[in-house]
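**Student:** Numbering follows full-length UniProt numbering, in which position 294 of the sequence shown is assigned residue number 294; successive positions increment by one, without gaps.
Wrong hints could be hidden among the right ones.
[As the list claims (entries may be wrong)] When the alpha-carbon atoms are kept at most 20 Å apart in a straight line, the in silico EDC-like pairs for lysine to aspartate or glutamate are as follows:
no.	residue 1	residue 2
1	405	506
2	215	160
3	542	490
4	84	54
5	493	506
6	493	587
7	405	370
8	14	51
9	405	516
10	493	282
11	2	58
By construction, these hints were calculated from the structure, which means they are not laboratory data.
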Amino acid sequence: MKRILISVPGQYYKNIYLPYVWAVLKTHAEHDPEIRAAYEWLEPVYLYHGEAFDQISDLSVDVLGLSCYVWNWSTNLEIARRVKARNPGCLVVAGGPHPAWGEPGFIDAQGVIDIIVKREGEEPFRRILKAALAAVPDFTGIPNLILRGDRHTEDTGPLDLTGMASPILAQAAYLARMSRELRARGRDAHMMWETNRGCPYSCAFCDWGSATNAKVRRFDMTRLEAEIDWFSEARLHTVFIADANYGMLKRDEETAERLCLSKRTTGYPEYIVLNPPKNRQDVMARITERFCEAGLFALSSVNFQHTRAQVLQAIARENIPIRKLMEPIVRQWTPQTPITAVLITGNPGDTPDLWMDCHDDILEWGFHEDIVAVDFVVLPNAPAGSRAYRAQWQIETIRRRIPLKILPKSGAGDRAENFCEYIVATSSFDRDDWVRMRLWTTIVQGFHNYGATRFISAYLRHYHGCRYRDVYEALIDRAPQGGVIRRLTDRLKAVIGAYLSDPEGELFVDCHADLDFLCPVEGAAFFLAVLDVDGFYADVEKILLDVFHVDPVVAADLIAFQRGVLITPDYDPTIGRDVALVHNWPEVFRAILRVRPRS
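Using the sequences and the hints given, assemble the complete structure.
**Tutor:** As structure tokens, this is what we get:
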């Protein structure tokens, strides 16, 4: 009997996704009785980097299937090398969105991959397993493959999903056992869940399931309802809804309501993660409200990417109106609603000026507590990865490790050595501009979102007619020479610049000798500020007086309030903190900050 190993190693140590791809491939292939009789499916590789290598150390494998994403590509290649070294005749099949289908010679350049499957993998993989049973296997008649020698077989259309068996239910016993084992080790079991496939949009940065600019195909509702019931039985921590636009379909309200019912009656799943739609915001507004009420949402996010028209046009997002993206948040907002604005740093068409205006827009619309700006990753099969798009925008990139949330000082340890390709220059901005944009994001997140200057900037915006942009430009460019803020921004700028030039560079800072980890630059901006809180606010006060000409009594009182509400390392929540104020600042800011977001 031949032995199959499916590898889909995870991105994180604690949050482990159960091997959905393994379940998909196994369920579909075993409908064929010949395959079911001829193959044994080994325990899939789905744990973190180092654990994956331990699992394969002495395995005998005939077919290795690699499910490849940007966060596990290097790990999967190393798994393939080790498996091939022990099993020279092993057939290595790579699928998923990361293998670069359009790059000439890509398959041969890897050295260890025999077949690449393009797009959906269920049916091609079944046929590969069938063909591999022959004395002399012939894969040339199987569509949607790339074979050694850079030979591409015929491309065919998408898979018909009608009546497809549920991989989650078919492999329920295996997956439930994996979930129990993870919980026993203090780790969280997550699950990928598809209710449909396909996306009608083609944003430049995106390669969602390698099915963008495509018709949306739906899985049967009876299947989805049964899978939701299983999520509670398996006591899943998080379900990630893998649809490109969950909430786009009216029936998504039905699955959302069933998820809420499951949460209310059983407590599981604990959380839902999803990608919201670009249209049908009326549906998403109702889903957002239900998920928040049921406790399934940790937060709501709005994927702006940028706010300025010329940049949105450059990344093919101009057909998605910002007011539409905002509708669910605006309609369902309460003062307790956690909301996140998601942006992309390094969009083609952007400039430092437009980037600062973008942040000003986001703050003006009411996103004061959480702005997430991710760096533009070039995915191999996304529009931005094409030669034509790269040439059009004169794109320059760097290859750097995928960042962790924190980085232990002790070293990388068993940290996964997986990399992304990041845009750092285009025809609209150069590398110095990128450093400026990255520093800007770091300061806005570190000072405003973390709370060091949020109330101060809001006061200047509403009582001195300044823009939020003016405030943070002053903090970066007009801070006193030799002061805390100047030293802090110079240090962070140096870290960002070194990251740009050093292939081993990472966006982390050693903030304090007593910490056993390095801080990401955004957190470091805040941490370094509060480490010398007296010096920091002395600099802020000087900027208030010299740049914005605030009355000295008001400036001192405003800083006393801002500093008083700041959670610093010496704060004891059991004691609290008394602050003597001249003005009733809480009432002032309640009226101007905790208001309904607006676009």
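**Student:** Are the hints correct? Go through all of them and say.
**Tutor:** Evaluated hints:
About 12 Å separates the Cα atoms of residue 405 and residue 506, which keeps this hinted pair within 20 Å; it holds. The hinted pair formed by residue 215 and residue 160 meets the criterion: a straight-line CA distance of about 12 Å does not exceed 20 Å. At most 20 Å may separate the alpha-carbon atoms for a hinted pair to count; residue 542 and residue 490 meet this at roughly 18 Å. In summary, the hint linking residue 84 to residue 54 is supported, as the alpha carbons are separated by about 15 Å, within the 20 Å threshold.
A hinted pair counts as satisfied when its Cα atoms are at most 20 Å apart, and residue 493 with residue 506 qualifies at roughly 13 Å. Between residue 493 and residue 587, the direct Cα distance comes to roughly 37 Å. Violation of the 20 Å bound is thereby established for this hinted pair. Between residue 405 and residue 370 the CA atoms are separated by roughly 16 Å; this keeps the pair inside 20 Å, and the hint holds. Simply put, residue 14 and residue 51 have alpha-carbon atoms about 12 Å apart, close enough for the 20 Å limit, and the pair holds.
Restraint check for residue 405 and residue 516: the C-alpha separation of about 14 Å stays at or below 20 Å, so the hint holds. Taking the CA atoms of residue 493 and residue 282, the gap is near 42 Å; set against the 20 Å cutoff, the hint is violated. Annotation: proposed proximity of residue 2 to residue 58 holds, straight-line Cα distance about 16 Å (limit 20 Å).
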